[in-house]
Amino acid sequence: MLNVGKIEEGFVLDHIEAGKSLSIYHHLQLDKLDCTVAIIKNARSNKMGKKDILKVECDIDTLDLDVLAFIDHNITVNVIKDGEIVDKKELTLPKEIKNIIKCKNPRCITSIEQELPHIFVLADEEKEIYRCKYCEERASESTYSW
Amino acid sequence: MRHLMNPLDFTVEELDRLFDLADDIAADPAKYAHACAGKKLATCFYEPSTRTRLSFEAAMLNLGGSVLGFSDAASSSASKGESVSDTIRIISCYADICAMRHPKEGAPMVAASRSGIPVINAGDGGHQHPTQTLTDLLTIRALKGRLSDFTIGLCGDLKFGRTVHSLIAALIRYPGIRFVFISPPELKVPDYITDQLREKGIAYEEVIRLEDSIADLDLLYMTRVQRERFFNEEDYVRLKDFYILNNEKMALAKEDMLVLHPLPRVNEISVEVDDDPRAVYFKQAQYGVYVRMALILTLLEITV
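So the protein sequences, as listed, match chains A and B.
Per the numbering used here, the first sequence starts with residue 1, numbered consecutively.
Per the numbering used here, the second sequence starts with residue 147, numbered consecutively.
Chain B with its partners taken away, still in its complex shape (with noise of 0.2 Å):
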C-alpha cells in the first residue's frame, strides 16, 4: 500500500505514468466515470480548505465514488482530544482512501504509520502540499508539452511560499531548467534551496523586479503573500502588494509565456490579466482535479 505524503515520493517514471493517466481522464472522462464505484473517498480537513477538499471530492465523485469527512477540526473528535494515529485507524473501517489537511507538519505522515488505507497529504502547515505540485507538473506538461528545457520564474513570496519550495524540488528532477526567483529581499527563497541549486549545477538567477526579468520567462509562476505566514501585521502589509502582475507587464512578456498560480490570487494579479490567453491559473484548477483523479486510481491500484 502506497501513500503520498511529498511530491518527491514518485519517481519521474511514475509521475510520467501518473500524467500519461491524468491525461486519459481528461480526454475521455466518461470512461472513468464509474472507475470507483463502490469506494469511498474520506476528506479529513483539521483545517478549513475549501478549495482543495472540493477538488478531491470532485475528483472522487468523477470517479464513481463517494465521499465523506469533515472540514475543520471543530467538528472531528480531534476537538475531544484524539490523536491522528486514532481518528486515521477509525477512518480506515470507514473508507478506502483519505486525504488529510492538518495545520500542523508530519500528522499526515503520522498517519500514514498507522492507516488501514492509503492517506494523501492534501498539506500539512507550512511543508508539504504534494497534489498542488502535481498539478502543477500536470498543467505545464499538458500545456507545454514537456517538463524539460525552459525558463520558469517564481515571483512573490519565496521564502513561506511551501508550493514554490515543493515545485523547485519537483522541477529540478527534469533537465534544462531554469529558475529566477522574483522576489522583495525579506521573502528570498532559502538558502537551502539556492546551496542545492549550486551544487547540482542548476542555473538560477535571483531578482528584485518583476519587470526585468519577465521577457525571459517561458514560464511564471506567481504566488499569494500569505497573512498567515507573517509574524506581525504591519510586515504584511508593507509587503503584500509588491510584485503586483498587470497587463502592462503581460506587454514585456513572450507570446507563449504561461502565468500559473496556486490560487487563491488576492491582489497580485491584477483582474485584467484573466482575460489574456497565456492566464491559466483557472485552467490549473481542471488540472488539479484530474490529477487528483489518476493519483486516487493508482493509490487504489484500479486499472480501466
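Isolated chain A (complex conformation) (with noise of 0.2 Å):
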C-alpha cells in the first residue's frame, strides 16, 4: 500500500468515484494553485470497492468546494488544521455553475458565440436541478458536456 504523509492545513477529498480525481483537479482549478496536491487513485475501499482521494495542502479559504456537490455527492470534504481532521465540511449546491459543464442545446447562443461563459443555474434545489442560464434547457446527461 502506497503510503501518502499528513497534511497540516488544506482538505482531504475522500469517496471520490475511481478515476473522476483528475476532473476534478481541473475543475477545482488545482492545476493553477503553487501548493502541494497529492492524487491518490484506486485506493482500497470497504465501502465502494475502489475510490480516489486528493490531499491538497493549502489555506482553508483559498478553495470554492460548493461545486463538488454538482460533481458528486458523496464526495467527503475532510477540514485539516495542524494536522488534525477539525471538521467535515457538508457541500451544498452552488446557486450558479459557471465553465464547469457545456450546454449542449444546438439551439442555444452559446452554440454560436465561443466567448460565453457556460453557466448554468440552480433551478429547483429539491430536485437538484440546472438549467442553461441562456436556454433554459435542463442539465442531463444529454444536454451537456464536461
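There may be inaccurate statements among the hints.
Sample of chain B residues lacking proximity to chain A, with all beta carbon distances greater than 12 Å (derived) [said to hold, decoys possible]: (1) A181; (2) N208; (3) V230; (4) C239; (5) A253; (6) V256; (7) G272; (8) L289; (9) R319; (10) R324; (11) R355; (12) L445; (13) T449.
Heads up, simulated EDC-like pairs for lysine to aspartate or glutamate below, C-alpha to C-alpha not over 16 Å straight-line [said to hold, decoys possible]: (14) A:K50 to A:E96; (15) A:K127 to B:E345; (16) A:K95 to A:E115; (17) A:K88 to A:E136; (18) A:K102 to A:E90; (19) A:K127 to B:D341; (20) A:K50 to A:D14; (21) A:K47 to A:D14; (22) B:K305 to B:D341; (23) B:K226 to A:E113; (24) A:K127 to B:E352; (25) B:K346 to A:E115; (26) A:K102 to A:E113.
No lab work stands behind these hints: they were computed from the structure.
Note that this is a predicted model, so its numbers are computed, not measured.
Built from N, CA and C at the ideal position, the CB exists for glycine as well.
Reconstruct the complex from the two isolated chains, following the hints.
Written as C-alpha cells, this is what we have:
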C-alpha cells in the first residue's frame, strides 16, 4: 500500500469515484495553485471497492468547494488544521456553476458565440435541477458535456 | 433600467398596471400620439418575422417615435461575425430601446447584459416570446373582463409551441384556471409542465379530440403545427392537418367561448370561422400593438 504523508492544513477529499480525481483536480483549478497536491487513484475502499482521494495542502479559505456537490454528492470533505481533521464540510449545491459543464443545446446562443461563459443556474434545489442561464435547457447527461 | 426577457419578469401587479395602461391607450390613442417624440426603437431581427416586427414598429410610430433596424441576419453585421454583445453596444448608441428577435435561445439575454438601453425579447428560437404572451393576456382580459376563473383549451402543437408554454406559465399565477390540453400524443405538452401543474394543484386534463372537450371551454387557444420545429417532413405532413377548427366544431362550443391564435394561421382554423363573432384572433393583433405601446412606455419610464 502506497503511503502519502499527512498534511498540516488543507483538505482531504475522500470517497471520490475511482477515476474522477483528475477531472476534479481541473474543476477546482488546482493546477493554478502553487501548493502540494496528492492525487491518489484506485485506493482500496470497504464502501466503494476502490476510490480516489485528493489531498490538497492550502489555506482552507482558498478553495470554493461547492462545485463538488454538483459533480458528486458522495465526496466527503475533511478540513485539516495542524495535521488533524477539524471539520467535515457539508457540501451545498452552488446557486450557479460557471464553465464546469457546457450546454449542448444546438439552439442555445452559446453554440455560436464561443466566448460566452457556460453558466447553469440552480432552478430547483430539492430536485437538484440546473438549467442553462441562456436557453433554460435542463442540465442532464444528454444536454451538457464536461 | 429594465428589460423584458420572459413574461414572468413582471409580477401580476406590474402586469395589471401594464394592461391598465394598454386599456387607456386603446380608449384614447390620441393622448399618446406624441409620448415618444424624439425616441427611437431599434428592431434587431436576426430572423424574419414580419408580423412581430411590424407590430413593434407600429407601436413606436403610434407613440410618435421613430424606428430603425434590420430584418434578417444577412443584412446585419452578424453576417460578418459580430457578436450579439458587440452589436447591442453599438445599437445602444443609436436608439433608446431595442426589440430583438434571434434564432438562438438566450441571445436577447446576452444583449441585455451588455446593453445601455432596455432590450425586449421579441422571440428567441423555441424559448420565449414574451410580448406574444402579454398580447394573449391583454386580449383575454379585455374581452373576458378577467384573467381568472375560466377553462382554457390549448390545441395543436403543445410540445414545441413556445407561445403555449409561456401562456400556461403566465396563467397559473391567476386563480381558478383550468387547462384542457388537446393534442395528438406526439405533440403533448411536456412533462415538466404537467408536473408543475400537479404540484401546484391546478386542474388540467389531456385529450385527443377537440370535439370531445370544446363544449367545456371558455377560451380556445389554437396553434399552428410549425414546419421548422420538425426534424423531418414526413412527420410534419402527417400531423399538420390534425385538429382543424371549423363551423361544425364551433357549433358545439359555448356562445361566449373565444377563439385565440398567435397567428399566422395555416389551415388549423378554417376561414369560415373568421366571421364567427367568437373568433378574436385578428383583434388579438390589435391588442398586440396596444400592449407593445404600453411596454415601450413602461420600459422607457415615460408617463403621459
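Honestly, which of those hints from before does the structure not fit?
-> Of the numbered hints given earlier, those the structure breaks are 3, 5, 6, 7, 14, 16, 17, 18, 24, 25, listed in rising order.
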